[in-house]
Amino acid sequence: MNSELNAGDPTGPLENRWTKHRFDMALVNPANRKKYQIIVVGTGLAGGSAAATLGEMGYQVKSFCFQDSPRRAHSIAAQGGINAAKNYQNDGDSVWRLFYDTIKGGDFRSRESNTYRLAEISVNIIDQAVAQGVPFAREYSGLLANRSFGGAQVSRTFYARGQTGQQLLLGAYQALNRQIAAGTVTMFPRTEMLELIMIDGRARGIVTRNLVDGNIESHTADCVVLCTGGYGNAYYLSTNAKGCNTSAAWRAHRHGAYFANPCFTQIHPTCIPQSGTYQSKLTLMSESLRNDGRVWAPNASADQACNAADIREEERDYFLERRYPAFGNLVPRDIASRAAKEVCDEGRGVGPEVNGKRLGVYLDFSEAIDRLGESAIRERYGNLFEMYERITGESPYKTPMRIYPAIHYAMGGLWVDYNLMTSIDGLFATGECNFSDHGANRLGASALMQGLADGYFIVPYSVGNYLARHEAQKIADDHVAVTDAVENVRNRIEQLLNAPDAKHPPEYFHRKVGQILWDHCSMTRDPADLRAALKQIPPIREQFWREVKVTGSGEAFNQTLERAGRIADFLELAELMCLDALDRDESCGSHARTDHVTEEGEAKRDDENYSYVAAWEFSGDASTPTLHKEQLRFEFVHPSVRSYK
Amino acid sequence: MNLILNIWRQPNCDSEGEFEVFKVSDVSPDMSFLEMLDVLNEDLISDDQEPVAFDYDCREGICGACSLVINGSPHGPQKATTTCQLYMREFSDGEEVWIEPWRVGAFPVVRDLVVDRSAYDRILQAGGFVSVRTGAAPDGNTIPVSKDLADRAFTSATCIGCGACAAACPSASASLFVAAKISHLGLLPQGQTERNSRVRMMLAQMDNEGFGHCSNHAECQSACPKEIDIGRIARMNRDLSRSFIRRT
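Chains as they are written, first to last, in my numbering: chain Y, 1 to 645; chain D, 1001 to 1248.
With the rest of the complex left out, here is chain D:
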């Protein structure tokens, strides 16, 4: 099939960007979206032009590197899918496709479709861990965790840190990302000791990075490739209130 691509081009974070139009032909429906861009890029190089920069790595939906807004939706039209797992059979011949980077102030554009998501790393550095020294752990089975709790913690821990939640949010909030980690660790017995300080410090860092606050649009959970739901945000807010009342 043939497609018209409108791709955001921007040399670096200090320059202005604009859409550039590319026509691609003979696109196979069995190609992934990123493979379609690979082919375009090889053609651009052969044509002495600079290829379109975009982030990718594992190409199996787990590393969280890929990050394209496709036709206005982070990771494109398919539900519960990262861009790398989106296949061209989801598009139709002759379709016009708009491809943009995450549009979030706290994620400055590095080049073209690549953004800097180190703000997410810094939020986790503010308290998204259990302080346990290597070698200081008791036997694994001395910390029983009910299956239900373990499963819920796991579901929160599946976040891949891609940034789609903030990219989808009208307030560019990182609430779902932060809440996923708060829930993962806060549900488990191992995470209780630091539960109060964790929620406060991570949310403070979220503010420092310039993310907005949750305004209950729930766009984040529709965009999340791992289908993490906004119930976690409610849980995070409760943890925050709780942290002012209870010591542990």
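Isolated chain Y (complex conformation):
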């Protein structure tokens, strides 16, 4: 156990903190900004908006993404919407209420100062996006429309049909394009960060691989901003894009950036279940489906393989309605997910058998169709039903949908202070890549808000504050730290290409470790299982380096090599996730520990002992990291216990 961490957040009244802090921050004279170089890795909402804004301020920015275009970052896939405390609907919303809902939704495991700032900035994001031409939904009056989302009691979610992430990302991408054209941002697509360059204790650059020709290059700068997204793909199957990875964050972690709350991952209850072992990803279906669909599974295991239509009403178990009569099918994500998993673990799951298990429960619209008519249901969910039918070949109008929970978002990430700087001097982390605002569970429609708040409105100031305290300084290409970092990258690639007993494609190992994480480190955690997982993971890692098989060359376009490098990092992160889950001897947010549930099976938090952020420091050995704690202090809200009975 090590010294307590300090976030460096301001004191005083919550609503004045960000204003006061902005005034206290140092500024870089506009004429001097062009002397500074900034590296921004990732072009999602956080990275695209940060690079565009920093470029516009006059800094020299280099922006990197592994995709062929910055527009493809995974923010593009977010469906639901973005929260903002505009109170346009006059339903009693306010910055305080959004702040409170966010911190309560996170089960009181996030910082008051950061969360308040997020709520405060939320209103500016909407203005910015509207001015860029983001086509938000409108009312007939021409004013912006809102909807209620994720159990909120106010309508504060702005949306663009089911493609809000796409439209906001295109807004940020357009702002980025404008700066690329202006020459303030240099864009490096199909370029992956593989190493961080550290000089005199500061982050001073990155080593990249050009994914087209395999060229290894170094890029140096006055500071580095990581906006590289979340690590949900550690589980192999998730709703993340296939390319989402933890490598940039993990390279930073290995150089001293603390990784915070790695076990905090979010599970989405309504995904389309796996159909076979070849499955490459899981597809999310909007949670709004639970408004009209009834969740059930057969009472008896014997009925698992029957057609839904052949299971009589009295043989069906509407388990959410039975267990949570007040909220029924609309219980929060984690409760719905856990209940579905329990039912399937009891051997009552439905759908195709994969690896000896049927992992799915029914989401049945027949009653809603009888009550409201098929056309009303088509009006509400037509596009979702069509998407479901396209993937499964079954029509939800005729037979119940099958759903199963899937990993969707990572609340954990690189530890950052109030300035979004990691524990490495000059290394910033924004968006899903950091751990900052969502505690142990993220509220619906808050991921887009955080990415853009960080990128447009926080990091441009805090980076300036950092640079103002350091003279702009060029690093020579032959600096020993640069050449060493390049050499490390080359060696690692050689190792991946030349495993001594090459046998299995990289995915073989990814599936193995993913299954362990899903079984033992997802929504329900048992200490004995976590200990077992911790024994299983290191041997897989060793086997990986001995037996991974990557064909082709390092000096050409080689997707197998790209994936192998990312999987190698997931194999280390997986162990840290289990260590963190074991350390957190309480249930909280989206996770229940089997040894900390009430008699009714509800999660029990332990505020006395676990009201902290667990920030892990790499010790040189992935199995023995050092834990640092940032104690969370609640001056303005009082941690309460939720109940959905």
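Calculated from the structure, these hints are not laboratory results.
Heads up, a few of these hints could be off.
[To be verified] Here are the simulated EDC-like cross-link-like pairs (lysine to aspartate or glutamate), alpha carbons at most 20 Å apart as the crow flies:
1. K549/Y / D1048/D
2. K104/Y / D606/Y
3. K503/Y / D1047/D
4. K357/Y / D1030/D
5. K357/Y / E342/Y
6. K604/Y / D585/Y
7. K1226/D / E342/Y
8. K1079/D / E1227/D
9. K1079/D / E389/Y
10. K503/Y / E1050/D
11. K503/Y / D1030/D
12. K512/Y / D1043/D
13. K1226/D / E1060/D
14. K503/Y / D1043/D
15. K1023/D / D1047/D
16. K1023/D / D1043/D
17. K549/Y / E1042/D
18. K549/Y / E1050/D
19. K549/Y / D1047/D
20. K549/Y / E1060/D
21. K1079/D / D585/Y
22. K1147/D / E139/Y
23. K20/Y / D529/Y
24. K1147/D / E386/Y
25. K512/Y / E1060/D
26. K1079/D / E386/Y
27. K357/Y / E139/Y
28. K1023/D / E1050/D
29. K398/Y / E1042/D
30. K503/Y / E1042/D
31. K1226/D / E389/Y
32. K104/Y / D519/Y
[Unchecked claim] Residues of chain Y clear of chain D, computed beta-carbon distances all greater than 12 Å:
33. H74
34. A78
35. E112
36. D127
37. E342
The beta-carbon is built from N, C-alpha and C at its ideal position, and this holds for glycine as well.
Chain D: place on chain Y using the hints.
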């Protein structure tokens, strides 16, 4: 089911390419087309061969990365579908399938089925934006937009930049792609100030990149996975003419 795949192989943009034949067996109808290729690739790696390179990322039809010409059609036989959302139940046992990259001069082949679509990025850099400084925006509700206009702008803004329109066009024109952005921004009040320069600069860049011109074959709208229609091209052409007559 069993399939015969004819897949375009090309080591890089400077070399010649050719079709290579693969036989795949035990393909499940519930697999996506890309998952079928994943399985083939894992088998190739196990067999010490180099896997087939193809672009993919989100696998839910929104990122625009996937880009295969399947049996002569960009994104395959199913309407309004990206390759990643195409499932093997659309094919039949024993079928012979031809898989090629986008065939567009302005999209050089990177490897096998992967092409370089940065020309699309450069067209948007030429003017596909509203010049607004971060923090300089007025309150969102001070810019009312009628619902009808907002919906039409949204429909144009759903373009995923995949390149299927140019791949389907006999003249390899990027007109539908350019027109979608011109319409998205040109319909909204926020986009009016730069409307004239935007259409001229983006079209000039389209020419510079080596794309052809629209010749009214309408293949683009049939191939577009987001069903963006060629009415946008008419609108773009009108905007171009208008830009020579009106100042704003």
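Now for the hints, and whether the structure bears them out:
1. K549/Y / D1048/D: 8 Å, holds
2. K104/Y / D606/Y: 15 Å, holds
3. K503/Y / D1047/D: Given pair K503/Y, D1047/D holds - Cα atoms ~10 Å apart, limit 20 Å.
4. K357/Y / D1030/D: 17 Å, holds
5. K357/Y / E342/Y: 13 Å, holds
6. K604/Y / D585/Y: Within the cut-off at roughly 10 Å; holds.
7. K1226/D / E342/Y: Given pair K1226/D, E342/Y is violated - Cα atoms ~39 Å apart, limit 20 Å.
8. K1079/D / E1227/D: 9 Å, holds
9. K1079/D / E389/Y: Holds, at roughly 14 Å.
10. K503/Y / E1050/D: 14 Å, holds
11. K503/Y / D1030/D: Not OK: K503/Y and D1030/D at ~28 Å, beyond 20 Å, violated.
12. K512/Y / D1043/D: Answer holds: K512/Y to D1043/D is near 18 Å, not above 20 Å.
13. K1226/D / E1060/D: Judged against 20 Å, a Cα distance of about 13 Å means the pair holds.
14. K503/Y / D1043/D: Between K503/Y and D1043/D the Cα gap is close to 12 Å, so the pair holds against 20 Å.
15. K1023/D / D1047/D: 14 Å, holds
16. K1023/D / D1043/D: Since the Cα atoms of K1023/D and D1043/D sit roughly 11 Å apart, the hinted pair holds (cutoff 20 Å).
17. K549/Y / E1042/D: Distance of about 10 Å is within 20 Å: holds.
18. K549/Y / E1050/D: 11 Å, holds
19. K549/Y / D1047/D: 10 Å, holds
20. K549/Y / E1060/D: 28 Å, violated
21. K1079/D / D585/Y: Violated. K1079/D to D585/Y sits at ~52 Å, over the 20 Å cutoff.
22. K1147/D / E139/Y: 6 Å, holds
23. K20/Y / D529/Y: 47 Å, violated
24. K1147/D / E386/Y: Not satisfied, since the Cα-Cα distance of roughly 25 Å exceeds 20 Å.
25. K512/Y / E1060/D: It is violated: about 24 Å lies between the C-alpha atoms, which goes past 20 Å.
26. K1079/D / E386/Y: 13 Å, holds
27. K357/Y / E139/Y: Violated, at roughly 47 Å.
28. K1023/D / E1050/D: 16 Å, holds
29. K398/Y / E1042/D: 37 Å, violated
30. K503/Y / E1042/D: 11 Å, holds
31. K1226/D / E389/Y: At roughly 18 Å apart (the allowed maximum being 20 Å), E389/Y and K1226/D satisfy the hint.
32. K104/Y / D519/Y: Violated. K104/Y to D519/Y sits at ~27 Å, over the 20 Å cutoff.
33. H74: 6 Å, violated
34. A78: 9 Å, violated
35. E112: The claim stands: E112/Y keeps its Cβ more than 12 Å from every Cβ of chain D (closest is about 25 Å).
36. D127: Violated, because the least Cβ-Cβ distance between D127/Y and chain D comes to about 4 Å, which does not exceed 12 Å.
37. E342: Per Cβ check, E342/Y is outside 12 Å of chain D; nearest 26 Å; holds.
Violation of the numbered hints given earlier is confined to hints 7, 11, 20, 21, 23, 24, 25, 27, 29, 32, 33, 34 and 36; the remaining hints are satisfied by the structure.
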